[in-house]
Each structure stands twice: as C-alpha cells, then as structure tokens.
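2 protein chains.
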Amino acid sequence: MKTIKTHRMFDGEVRYIRHDSTACSVPMEFTVFLPKEALAGENLPVLYFLSGLTCTAENFTVKAAAQRHAAEEKLIIVAPDTSPRGENVADDERYCVGKGASFYVNATEAPFAANYQMFDYVTEELPALIDREFPVIEGARGVTGHSMGGHGALIAALKKPGFYRSLSAFAPIASPSRVPWGQAALPLYLGEDEEAHRGYDATFLMAEAKERLPILVDQGTADNFLKEQLRPELLEEAAKTAGHPLEIRMREGYDHSYFFVQTFIEDHIRHHAKALHN
Amino acid sequence: MKTIKTHRMFDGEVRYIRHDSTACSVPMEFTVFLPKEALAGENLPVLYFLSGLTCTAENFTVKAAAQRHAAEEKLIIVAPDTSPRGENVADDERYCVGKGASFYVNATEAPFAANYQMFDYVTEELPALIDREFPVIEGARGVTGHSMGGHGALIAALKKPGFYRSLSAFAPIASPSRVPWGQAALPLYLGEDEEAHRGYDATFLMAEAKERLPILVDQGTADNFLKEQLRPELLEEAAKTAGHPLEIRMREGYDHSYFFVQTFIEDHIRHHAKALHN
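These protein sequence lines are chains A and B, in that order. Taking my numbering, the leading residue of the first sequence gets 75, the next gets one more, and so forth. Taking my numbering, the leading residue of the second sequence gets 75, the next gets one more, and so forth.
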C-alpha cells in the first residue's frame with residue numbers, strides 16, 4: 075500500500091492510496107479521509123462511498139464536500155475506484171460497460187472475469203485492508219454511493235448481512251437488470267442468464283434479504299436519468315413487498331450531479347454516524 | 075447574456091453564464107450562485123471570487139463548497155474566468171502567462187492588450203452586468219480569491235476605493251512584481267517599466283491606499299509556493315508600514331489546493347457577510 079499524495083483538510087487528512095489488488099489482479103487506487111482523531115490514533119467507524127459511471131474516487135473526493143461533515147461526525151470515509159484500470163484490462167466503447175462501469179459485480183465472463191471482481195474488492199479485500207491499516211472500530215462500517223455506486227451500496231449491504239451497520243444511496247440505479255445501462259453491462263459480465271443479473275439487483279435481493287437495514291435514499295426530480303435508468307419506484311415497490319425499511323426523499327429540481335450530492339451529503343453522513351457511533 | 079446550464083444546490087441555483095465582453099472583446103464565461111432568496115427576487119449582496127493560475131470558474135464552483143455557506147449567509151457569489159479565451163486570443167507556453175493567467179491587469183502591450191483587459195472586466199464590466207441582471211443590494215459588494223485571484227482581489231479593492239465593502243484572500247500572490255510568476259507575466263502585459271508593475275502590486279498600492287478596508291488572509295504553511303511565489307510576509311510588512319488592517323492566519327500543514335480553500339471558505343464567507351449585510 076502506497077500513499078501517493080496527502081492533503082490536509084478540516085484538521086484531518088485526505089490520502090490518495092495505491093495498492094496491488096488480489097481480487098482485481100491490478101493495482102487499484104482509492105482515497106481515504108481521516109479525521110484528526112484518527113490521525114491521533116483513535117478508532118473510528120468507516121463509511122464507504124461507491125461512485126457512479128465514468129468516475130474515479132477523485133469526483134467524490136473533490137466535489138462532494140463530505141469531509142467537513144465526516145470531520146464533525148468522526149467518520150473515516152473510503153472512496154474506491156469504480157472498476158479495475160490499466161492497459162490490459164478489458165474495456166468497451168460504451169461508458170456504461172468496462173472501465174469506470176463495473177456495476178460492482180464479480181464478472182464470470184471473458185474477457186471481463188480476469189479483472190472485474192469488484193464485488194469482492196469493495197466488500198472484502200478493501201475493507202480487510204482498511205481494517206488492517208487504519209484505526210477503525212471493528213464492524214462499525216457503513217456504505218453509500220451515487221448512481222451506479224448507489225446500486226453498489228444497496229447490493230453490498232443486501233448480499234452481506236451483518237457486514238454493514240448503515241446504508242444509504244444517492245440516485246441509485248435501483249434495478250440494473252431492468253434498465254438499459256444494466257442490460258448493456260450485466261450480460262457481458264455475467265452471461266445471458268437473467269437469474270445471475272438478479273443476483274446483483276437490489277429489487278430482487280430485497281425479497282430474500284436476511285437483514286432489514288434501514289435505507290435512506292435521496293433522488294432529484296430533475297435528474298435526466300430518473301425515469302429510464304434509475305427507477306426508484308421499483309425499489310420502493312420491492313421494499314414495500316418485502317417489508318424493508320426505506321425512505322426515499324424526492325428532491326424537487328435537483329439533478330444527477332455532484333451539486334446534488336454535495337447538498338444532501340450532510341444528511342447521509344449524519345444517518346451513518348448515528349448508526350455507527352452506537 | 076446566455077445561461078448555458080443550471081444546477082440546483084442548497085435550495086438555490088448555480089448558473090453557468092456566457093456573455094460578450096466589451097472589455098475583453100471575446101465571449102466570457104462566469105458562474106453565479108443564487109441563494110433561494112435571490113431566486114425569489116430578494117436583493118442580496120454579491121461576493122466575487124477570483125480564481126488562480128490555470129483555473130476557470132469551474133474549479134471554484136465544483137471544489138470550494140462555498141455554496142452551502144453562501145446559502146446560509148444569503149450571499150450571491152460570482153466567479154469569473156481567469157483570462158480571455160478563444161483561438162484568436164494571445165497565449166504563452168508557460169502556465170503563468172497568457173490564458174488562465176491574466177493577473178487581472180489591463181494589458182498595454184501587444185499582442186495581449188487586444189483582449190487582456192481583465193482589470194476592467196472584473197471590476198467594471200462584470201459588476202455592471204451583475205447589478206443589471208440579478209437582484210443585488212446596491213453597493214453591497216465584496217471580493218476574494220485564491221492565489222493569482224487572491225492578488226486580483228487585493229488590487230481590485232485597493233485600486234477602487236469605495237467599490238468593495240469587504241476583502242479577503244486565500245494564499246494570494248502578495249507581491250507579483252517581486253516574484254517569478256509575476257516577473258514572467260507582467261513585462262509581457264505591461265512592458266518593462268517597473269512602475270507599471272507596481273501599479274498592480276498590493277504591497278505597493280497599500281502605501282497610498284485611499285481606504286483601509288480590513289483584509290483577511292488564510293495561508294497554508296505546507297503550500298509549495300509559499301516562499302518563492304506568494305510571500306505573505308511582504309504584504310504583512312506593507313500593511314504594517316501603511317497602517318492597513320490585515321489579519322494573516324498561517325494554517326499549519328495546509329497546502330495550495332482547493333482542499334485548503336474548502337476548509338476555510340466558511341470563515342471568509344462569514345467575514346464578507348458580516349460586512350455586506352450591515
């Protein structure tokens with residue numbers, strides 16, 4: 075694990091880190107924000123932020139303005155990349171498939187299977203690394219994300235009961251198996267079997283979830299992707315059927331950008347802090 | 075004046091605007107943040123943020139996280155570009171001269187004089203446009219900026235007594251006529267006469283300032299440019315000699331990035347709001 079650069083902010087530190095990933099078989103980069111208490115060695119909870127299509131950790135780190143609130147609430151924030159990277163990593167010309175578009179699945183199909191083991195990466199390898207390298211409170215772990223990363227957060231928590239103690243999402247792709255972005259990507263990662271796609275679709279996972287972790291979702295009404303790609307109504311329907319606690323807050327006039335994320339990140343950080351500091 | 079795009083944030087709106095500049099003889103772009111009260115027609119003060127070398131308005135707008143505080147303090151924020159732009163605009167291969175590096179002067183030398191009339195642009199043309207097009211409180215106008223834009227803020231206020239009611243800067247180039255960046259750029263814009271350079275140097279302007287507007291400066295101690303390019307000690311010295319009220323806060327471990335700006339922007343916005351809402 076190598077720290078590439080460090081910036082002080084809000085008395086804490088943002089670090090850009092590179093490490094060799096076993097799951098993805100390439101070097102991976104992530105950022106971590108350490109509040110001043112963590113720098114002084116105090117154990118703190120960790121919130122994972124999963125980013126959306128085309129992003130790296132950079133977008134969240136520079137645009138979400140999360141660190142102010144994380145410093146106040148004493149949370150470490152970890153932001154991984156959205157896919158494996160590198161010359162030899164399979165890609166696709168569409169922005170919703172390949173690099174920057176892993177959908178956080180473990181791919182089973184060539185050529186993607188070689189590196190696209192992002193579910194294992196974000197829910198196993200990276201948390202193990204973080205737990206080993208930083209002062210964390212054991213098990214005090216939350217997950218959130220934006221768009222494709224909102225989907226990533228939902229499936230991470232739904233597929234790993236007990237592993238996360240708090241969950242939220244910004245404008246998540248609620249049901250990738252039923253929208254064009256996911257229908258472009260999932261067959262290339264997982265093959266044609268629709269059952270495999272549903273294994274990474276929160277609206278299907280919810281029916282058989284072994285845990286009912288409350289979900290907070292913010293969604294802008296002026297989001298260009300709302301009706302065709304995000305479809306929060308499918309999540310709402312699934313939660314209702316399953317009896318899963320879900321609060322979707324429709325935000326009038328907000329779009330899909332980080333200006334939207336920046337506006338509501340405080341609420342999400344407080345939501346996680348409340349669960350993780352208990 | 076044309077609004078290119080709009081994003082809702084903190085119940086207000088960020089607008090990206092393009093207009094034909096008379097001063098610079100090319101189209102110019104700026105961003106404006108309008109708190110919800112301004113959207114409802116209430117007159118508010120305006121804070122101008124001038125950006126640094128290589129930047130456009132985008133850096134400040136997406137990275138400074140100023141809008142939360144501007145919304146709370148009911149301030150409109152206007153962020154202009156750092157130079158004229160376009161194929162026919164003179165440039166230089168060095169990042170500290172030409173596009174993105176106007177130093178906010180009115181150039182007198184060819185080929186820059188044709189478009190680089192940035193002092194007039196940011197202190198006359200743009201404020202006149204803002205006053206005409208947005209709900210502003212007449213004369214309630216502050217100016218701040220980062221690095222080259224911190225220098226821009228200082229000279230704007232010092233050269234136009236009475237025009238701004240509040241002033242601050244983040245890591246300003248305190249004395250461009252005495253540091254390498256300015257010594258590369260100013261002769262190309264203003265010719266070899268050092269008197270002309272000093273006419274845009276806060277440390278020289280301060281001696282003969284007709285107004286003593288208090289200045290708030292934040293400066294990181296881990297800023298790579300501190301000793302060679304920024305030199306806040308020269309501003310401190312000039313202020314002491316002139317009896318100009320100046321508070322320089324040296325921030326331990328902070329660098330020159332927007333992570334530094336984001337950390338201290340709240341203090342600056344409160345500094346301006348206090349002066350502008352009186």
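Derived by calculation from the structure, the hints in this document are not laboratory data. One or more hints might be untrue.
Same chains, same names: a pair is fine if it fits in one copy or spans any two.
[Said to hold, decoys possible] Straight-line alpha carbon distances no greater than 20 Å define the calculated EDC-like cross-link-like pairs of lysine to aspartate or glutamate that follow:
| # | residue 1 | residue 2 |
| --- | --- | --- |
| 1 | K173 | E161 |
| 2 | K234 | D94 |
| 3 | K284 | E302 |
| 4 | K137 | D85 |
| 5 | K301 | D85 |
| 6 | K234 | D194 |
Going down the list of hints, with the structure as the test:
In this homomeric assembly, K173 and E161 come within 20 Å of each other (Cα to Cα) only inside a single copy, at 10 Å, whereas the closest approach across copies is 33 Å. In this homomeric assembly, K234 and D94 never come within 20 Å of each other (Cα to Cα): the closest approach is 24 Å inside a single copy and 56 Å across copies. In this assembly of identical chains, the alpha carbons of K284 and E302 never lie at most 20 Å apart, being 29 Å within a copy and 60 Å across copies at closest. In this homomeric assembly, K137 and D85 come within 20 Å of each other (Cα to Cα) both inside a single copy, at 18 Å, and across copies, at 18 Å.
In this assembly of identical chains, the alpha carbons of K301 and D85 never lie at most 20 Å apart, being 41 Å within a copy and 23 Å across copies at closest. In this assembly of identical chains, K234 and D194 lie within 20 Å of each other by CA distance solely inside one copy; the values are 11 Å within and 60 Å between copies.
Hints 2, 3 and 5, counting from the list given before, are not met by this structure.
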